[in-house]
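So the sequence shown is numbered by the working numbering: it starts at 1 and just counts up by one.
It should be emphasised that the hints constitute simulated quantities derived from the structure, not laboratory data.
Accuracy of the hints is not assured; some may be wrong.
Stated by the list, open to error - Below, simulated EDC-like cross-link-like pairs (lysine to aspartate or glutamate); rule was C-alpha separation at most 16 angstroms, straight line:
#1 K76 x E63
#2 K8 x E164
#3 K8 x E159
#4 K76 x D41
#5 K8 x E23
#6 K8 x D52
#7 K76 x E62
#8 K8 x E43
#9 K8 x D41
#10 K8 x E35
Claimed, not checked - Ranges between beta-carbon positions, derived for each pair:
#11 P129 x N185: 32 to 38 angstroms
#12 S55 x A19: 33 to 39 angstroms
#13 L163 x D70: 27 to 33 angstroms
Even glycine gets a Cβ: it sits at the ideal position worked out from N, Cα and C.
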Amino acid sequence: MAQPLMPKATAVWLVENTALSFEQIAGFTGLHPLEVQGIADGEVAVGIRGLDPVSTGQLSTEEIARCEGDPAARLKIAGSVAETVTKPRRGRYTPVSKRHERPNAIAWLIRNYPVLSDSQVARLLGTTPATIAQVRGRTHWNAANISPQDPVLLGLCSEAELLEQINIARRREERAAQRAEKGANRPRKAATPKPDEAGATAAGSDVGGVDAPANDSAAGADGDSNA
């Protein structure tokens, strides 16, 4: 079965605004029931704004009401949306009519998925790193009018493409964290004295061995003179 646009954001909205069970929400969004429970407990999807599946045409209020009245029922996504989600995209061409929406999509990705690199955002939206830097630094010529908007809903990329890039970014962070942890746990080698330092230490020991008898002799001489 096709999944809705932005499954996790949709799950957040369904948890907050319906009486559907965790299993029903999980079955519709493709999430695990425990993950949906984590959303309800405030432990998962923290900071993600809920996406209303009714306003986006993914569900009808009648469909939600039907499943609320029957815990065994399963939500069914609207047919037109299912076709849109499962239809593969070809190329990265952005229609002229939608190009002015790219700064809004960039701002949305920066705010909601900071784990994505600029190159990934550029690849998703068909834009340039320079434009992304301008939006991030609020130096874009239209910065005052930029309003973060979901690029999937704008039609600039597909849900599958976005999730793929998010997973790539998260795996990259995990590998970096593992490398940092290995570096922190690696035992440090004991410092070995340099050849010059070792020679100086040995010489100091020899000098000390010679001086000691000399001091004893001097002390003996003083004792004889006093006697």
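query: Looking back at the hints listed earlier, which ones does the structure fail to meet?
result: 4 and 12
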